[in-house]
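Student: Here are the chains, one letter per residue:
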Amino acid sequence: MRPFSYERVPDQAAVRRGVPQSATSRAAPVPTMLLAGGTTLLDLMKLDVLRPERVLDINTLAPKLSAIEADAQGLRLGALARMAAVADDAAVRREFPVVAESLMLAASGQIRNMASLGGNVLQRTRCSYFRDVSYAACNKRNPGSGCAALDGYNRLHAVLGTSEQCIASYPGDFAQALIALDAVVEIEGPQGARRIPFAELHRQPGDRPDVETTLNPGEMIAGFAIPAGPWARRSRYVKVRDRESYAFAAASAAVALDLDGDKVRQARIALGGVATVPWRATAAEAALAGQVLDEASAERAAEAAFRDAKTHGENDYKPELGRRTLVRALLEAKRMEIA
Amino acid sequence: MTSQPDEGGLGRRGLLGVGAAAPFLAPRQAAAQPAPPSLPLKERPDMTLTLHINGKAHPLTLDPRVTLLDALREHLALTGAKKGCDQGQCGACTVLLDGHRVLSCLTLAAMAEGKEVTTIEGLAGADGALHPMQQAFLDHDAFQCGYCTPGQIMSAIGCVQEGHAEKPEQIREYMSGNLCRCAAYPNIVEAIQAAKPQMGRA
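Residue numbers (UniProt numbering), protein chains in the order written: chain F, 1 to 339; chain W, 1 to 202.
Don't read these hints as lab results, they were simulated from the structure. One should not assume that every hint holds.
[Stated by the list, open to error] Just a few of them, taken from the derived set where beta-carbon distance is under 8 Å, the chain W residues facing chain F: (1) G84; (2) H100; (3) R101; (4) L123; (5) S155; (6) G158; (7) Q161; (8) P168; (9) Q170; (10) E173; (11) M199.
[To be verified] Covered, in the sense of this in silico footprint (three residues per stretch, anywhere, with C-beta under 8 Å from a C-beta of chain F), are these stretches of chain W: (12) 47-53; (13) 59-67; (14) 86-92.
These figures come from a predicted structure and were not determined experimentally. Beta carbons are placed, not taken as given, at the ideal position from N, Cα and C, and that holds for glycine.
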């Protein structure tokens, strides 16, 4: 690991003043990264992928940024709430099952105790060419250097939202629940506080795979707001992976259904493990609206979800796995007994 | 070893201290350390901090890069927590931080300041009586080579205290962050089931 200086952020006002500014030199900002759970940052610093010269520990803000509050308006989650605390929260499990399940099915018991929600949605891809600096070609790590995954080992890579520059998949689970439920991200930064739809937080790789989010320099995620809705209780996260636990998704689906008997008033669908960013499957949602939900209509929706899929050899299996995962999630959500 | 002053002031660290590292070492620490690996050249000063481990306060002077795992093993001679993968994938380094199981390899020592760290060395009673989980691992033959065992036991205690050890399937799911290459998994699950009712809370 390269040398860095370690500081604790004294308070939220310091974040608003602008985190990347060096305390000593305004002219030359020191490459700075925020430290919450550390499960991504320290891992990638050990691998020499991330090279901050200054690490700002924001865990001092935990007393203010760890809220887990459910009420009639919906769910508010602080960015420093730990994954395990949210996954185990009784109100979250009852009112927003897809949120609890997406967190519980991610990582391990230890990592869920450590990792924050804000860090979780910003976790970096597991693409092995991104994580291994001995490969020169990675447009995400080293802009303009090429993409070794296009013709390389790409069994776990994305089939949706890819570009000629990058096919790395977004690794997280919780983000699928957030995007399906129309969550809002609360952001703090030098320009003040702002709120954006979660769907606008991540950027598809396009020509700049190295720019993964729309956060501005110095900004940090403070929390998430998930609106209440008739679909929230009938929601489910299905995750398919190489081993039964403690693995990233080969394919996953977050679904939330508002049903009128067997008929779909509104379906909300997001896909994981198959896309470069948290992926809302709007075509699949439209295909289900007003339809009786059964295996046939679920399959039509799944067909629509993967119509634009582009595969690269080793990941040719993903559209079919993704479709079956989505069908299973939809039918399981339909069968849920809602109190 | 942790607090024995070295009379001659020539602990191995003092002898092996290289380059810019040595001037930053507080004298007490220079004498107290058991054989740390040679440290790379420093561009930034060490930090002083106090870690509370198994009920005792340990003042330390460390490079900010030192993980909690390396602080325990290399600076405090608490070698129970093991370095398996050093990247959060095997669970051998599991310790409790304020009662919650965490991976000490992905925790900076500085992040543990102000918290209570519990390691495998802190489980047995003053009279040497083993923690129920330790005894259960022995009774159920829940290991072969033993390398993953301290992490398994710390994680198992966390698993029970979280309330995630109700059924064998749940234990397997919530213990998935601890790998055992000897594949003692069935016996580990049995040990946890046996220890659970003997622990304070479930």
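Student: Could you run down the list of hints and mark each one as holding or not?
Tutor: Here is how each hint holds up against the structure:
no.	hint	result
1	G84	violated, 13 Å
2	H100	holds, 4 Å
3	R101	holds, 5 Å
4	L123	violated, 17 Å
5	S155	holds, 7 Å
6	G158	holds, 7 Å
7	Q161	violated, 11 Å
8	P168	violated, 14 Å
9	Q170	violated, 11 Å
10	E173	holds, 5 Å
11	M199	violated, 16 Å
12	47-53	violated (count 1)
13	59-67	holds (count 4)
14	86-92	holds (count 4)
In the structure shown, a violation is registered for the earlier hints numbered 1, 4, 7, 8, 9, 11, 12, in ascending order.
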